[in-house]
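Listed in order, the protein sequences are those of chains F and Y.
Here the working numbering is used: the first residue of the first sequence is 13, the next is one more, and so on.
Here the working numbering is used: the first residue of the second sequence is 129, the next is one more, and so on.
Take the hints with a grain of salt, since some may be wrong.
Pairs of lysine to aspartate or glutamate residues, derived as DMTMM-like cross-links and limited to a Cα-Cα distance of at most 25 Å, are as follows [stated by the list, open to error]:
| # | chain 1 | residue 1 | chain 2 | residue 2 |
| --- | --- | --- | --- | --- |
| 1 | Y | Lys-450 | Y | Glu-282 |
| 2 | Y | Lys-412 | F | Asp-219 |
| 3 | F | Lys-125 | Y | Glu-476 |
| 4 | Y | Lys-280 | F | Asp-142 |
| 5 | Y | Lys-372 | F | Asp-72 |
| 6 | Y | Lys-412 | F | Glu-84 |
| 7 | Y | Lys-423 | F | Asp-52 |
| 8 | F | Lys-125 | F | Asp-182 |
| 9 | Y | Lys-412 | F | Glu-38 |
| 10 | Y | Lys-412 | Y | Glu-476 |
| 11 | Y | Lys-423 | Y | Asp-392 |
| 12 | Y | Lys-372 | F | Glu-73 |
| 13 | Y | Lys-412 | F | Glu-126 |
| 14 | Y | Lys-495 | Y | Glu-149 |
| 15 | Y | Lys-372 | Y | Asp-255 |
| 16 | Y | Lys-280 | F | Asp-216 |
| 17 | Y | Lys-280 | Y | Asp-255 |
| 18 | Y | Lys-412 | F | Asp-72 |
Here chain F is said to cover these stretches of chain Y; the calculated rule only asks that three of the stretch's residues, wherever they fall, bring their Cβ under 8 Å from a Cβ of chain F [as the list claims (entries may be wrong)]:
| # | region |
| --- | --- |
| 19 | 269-283 |
| 20 | 351-357 |
| 21 | 381-388 |
| 22 | 433-446 |
| 23 | 467-476 |
| 24 | 486-500 |
For the chain Y half of the interface with chain F, some residues (derived, Cβ under 10 Å), not all of them [claimed, not checked]:
| # | residue |
| --- | --- |
| 25 | Thr-189 |
| 26 | Ala-287 |
| 27 | Val-346 |
| 28 | Gly-367 |
| 29 | Tyr-370 |
| 30 | Ala-375 |
| 31 | Glu-378 |
| 32 | Tyr-479 |
Hints in this document: simulated from the structure, not taken from any laboratory.
Source: prediction; values computed, not measured.
No residue lacks a Cβ here, since even glycine has one placed at the ideal position from N, Cα and C.
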Amino acid sequence: MPDGEVERLYRAFVEADPATAIRVVEQVRSSGVAQAELFDALYVPALAMLGDAWARRAIDELAFTQAAVVAEQVSSFVMPPLVRPDTGVGVVLGVMHRDHHSVMKNVVAGALKEAGYRVFDLGVDVRASDFLERVEETGARVVVAFAEMLATARAVAGVRDLLDAEGRADVVLLVCGGPFAADASLARSVGANGVVSSAQGALDVLDRVRRDLLQREAS
Amino acid sequence: MSRSQQAMIAEGLARQGRAAEAVAACYEALAIDDRDPATHALLAELMLGEDFYDEAIAAATQAIELDPDCSPAYLALGLAYDRRGGMWDQSVLVWHELAEVVPDLVIAHVQLGEAFAAAAFDEEARDSWKRALELDPRQARAHYNLAIDALKREGMSTALPLIRTAGALDPSQDALFFALVGLPEREPQGDVGPDAPREVRYAEAAAMARAEDFFGAVDAVRSLLDDDPDDARALALAGFCYLKQEATNEAMACAVRALGLAPDLVEAMYVLGTTYAQRPGLAKHAARVFLALAKARPLEPLAHVLLAEALLGLQRYRQAHKAYAAAVALDPACVRARFGLAAVLFSEGSYAEAQWHIRRAAYYDTKRLGVFWDLFDRYVEGGGE
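Please model the complete structure; the sequences and the hints are all you need to start from.
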């Protein structure tokens, strides 16, 4: 980072000059400092100078407050990126037909969206054909089928059969729900590629799937 | 209401926490007058405290049969049903009844919502918590419950800000700061002059901050900094006062300067971590600071809670689980830790365990608020009206 930029930002704060403050940020960014680093490398040290100036009475209470307002205006320019980068992996998920247990599906869908997956949430009471239809529409590479009852868990086999029959055996089929947790062999018997047992588990499994897909594409 | 001397003795013993003696006194009082609803209600509360749920239910039911307006009995009965588990239909009726008998009792609406949620009446649960917030917008537990509800419908990213909102209303967060400051709780003295020793002036500034006189506290800190602008503790205290006035950048400025002077200053870590936690993009920063705080103060449950919340923001649910569990182990009555742990357990599909933690949190919170004694006093003073 170029010398003196922290002090320039601090001065812009104290002089209540947001335009200059933003210019300093832009210049530092264009000098090669990554967005993720701006907050620590530039903003925090400038705030430390501000705190020091207030403690030493180099600035009065009013100037301190005004400087904080300018700092607030600039903050959005220095924040690390909020949204995680798009993984490019589409995930179709839903709760099986005749099953309305939505909590785990909602929690997992939220976690995957936040982690940058392209989530297509079909909701509850989803027929096997709806999973296939949405996979074809979106080009999703992963399906997560949720089932909390034994009968609906067994019905996941229908999703696998349809995917295979339509030439989409490459789609990764994951399952989630109490019956799969209780009986480790059930997932295999319905043709699933893996079991998701929690939001953390979903992130871990999807991360492996994403890396496998990338590797497959590269080779 | 005319009550026997034995009933008064039982009440006195119960207030002193001498449960076994109070129970014996209750039975003696009931032998004299078995139609005193207040004594039956007190017996129910005592039984509940000792985890004798069936006995608590029997005593509370007896009190309500004798007087259908006996509000403390409804409270004991509802809590007994909730803690016994599997009695959600009865629990809903009892909390509904209590909310009717004492309509301004915020906690009745919160409990009613929790009973509805346990019985899977989610919409009714939401309505109850919203009613509680209409009565008291600062009711932290209603916010925690709404956060859990949001988690179940939309996932953690929606729930986490609500958990933090609830946390900010929770008195335990300020208590952590003052525990880190390490000064005993006291009222401001008001007559501490600029010539007093620094420690005395600092203690006075902290007392003012604790009493929520933030302008006075910042003035006192200002005078400390005039003598020594490199006083990191004074800067951290100023940061706390700014934080409480929602002046986040001023707080951050003071905290980073304080940590520049004293990198191990725990109260400055708290202020900085809290300012970071308020900004969605700084979850990693918050986690870093709160990890340092939890390491520096491993016996402070809330330090682990703050770390856990930051970890949730980073989607590190497994680590968050560990941090919340550490907080609950240190303080089983920590409502914020229990609700946070419940949120993580929901994300793991462990619904029964999550509900158990919510029930425990509810019990401790209602107990902490002293609702039973409040209702009891109102009931006895009102002559059972």
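Status of the hints after comparison with the structure:
1. Lys-450(Y) with Glu-282(Y): Holds. Lys-450(Y) to Glu-282(Y) sits at ~23 Å (cutoff 25 Å).
2. Lys-412(Y) with Asp-219(F): Status holds; Cα separation ~20 Å.
3. Lys-125(F) with Glu-476(Y): 17 Å, holds
4. Lys-280(Y) with Asp-142(F): It holds: about 24 Å lies between the C-alpha atoms, which stays within 25 Å.
5. Lys-372(Y) with Asp-72(F): Holds, at about 20 Å.
6. Lys-412(Y) with Glu-84(F): 20 Å, holds
7. Lys-423(Y) with Asp-52(F): 22 Å, holds
8. Lys-125(F) with Asp-182(F): 22 Å, holds
9. Lys-412(Y) with Glu-38(F): The given pair, whose Cα atoms are some 23 Å apart, holds under the 25 Å limit.
10. Lys-412(Y) with Glu-476(Y): Holds, at about 22 Å.
11. Lys-423(Y) with Asp-392(Y): 11 Å, holds
12. Lys-372(Y) with Glu-73(F): 17 Å, holds
13. Lys-412(Y) with Glu-126(F): Holds, because 15 Å separates the two Cα atoms, which is no more than 25 Å.
14. Lys-495(Y) with Glu-149(Y): This hinted pair holds, its Cα atoms lying about 20 Å apart.
15. Lys-372(Y) with Asp-255(Y): 30 Å, violated
16. Lys-280(Y) with Asp-216(F): 21 Å, holds
17. Lys-280(Y) with Asp-255(Y): 16 Å, holds
18. Lys-412(Y) with Asp-72(F): Measuring from Cα to Cα gives roughly 33 Å; hence the hint is violated.
19. 269-283: holds (count 5)
20. 351-357: holds (count 3)
21. 381-388: It holds: at least three residues are needed, and the region 381-388 of chain Y offers 7 whose Cβ sits within less than 8 Å of chain F.
22. 433-446: Since three or more residues must qualify, the claim that chain F covers the region 433-446 of chain Y holds, with 4 doing so at under 8 Å.
23. 467-476: holds (count 3)
24. 486-500: violated (count 0)
25. Thr-189: 34 Å, violated
26. Ala-287: Given a least distance of 8 Å, the restraint on Ala-287(Y) holds.
27. Val-346: For Val-346(Y), the interface hint holds, since the closest Cβ of chain F sits about 8 Å away, which is under 10 Å.
28. Gly-367: With a minimum Cβ separation of about 8 Å from chain F (threshold 10 Å), the hint on Gly-367(Y) holds.
29. Tyr-370: This interface hint holds because 9 Å falls under the 10 Å limit.
30. Ala-375: 6 Å, holds
31. Glu-378: 5 Å, holds
32. Tyr-479: 7 Å, holds
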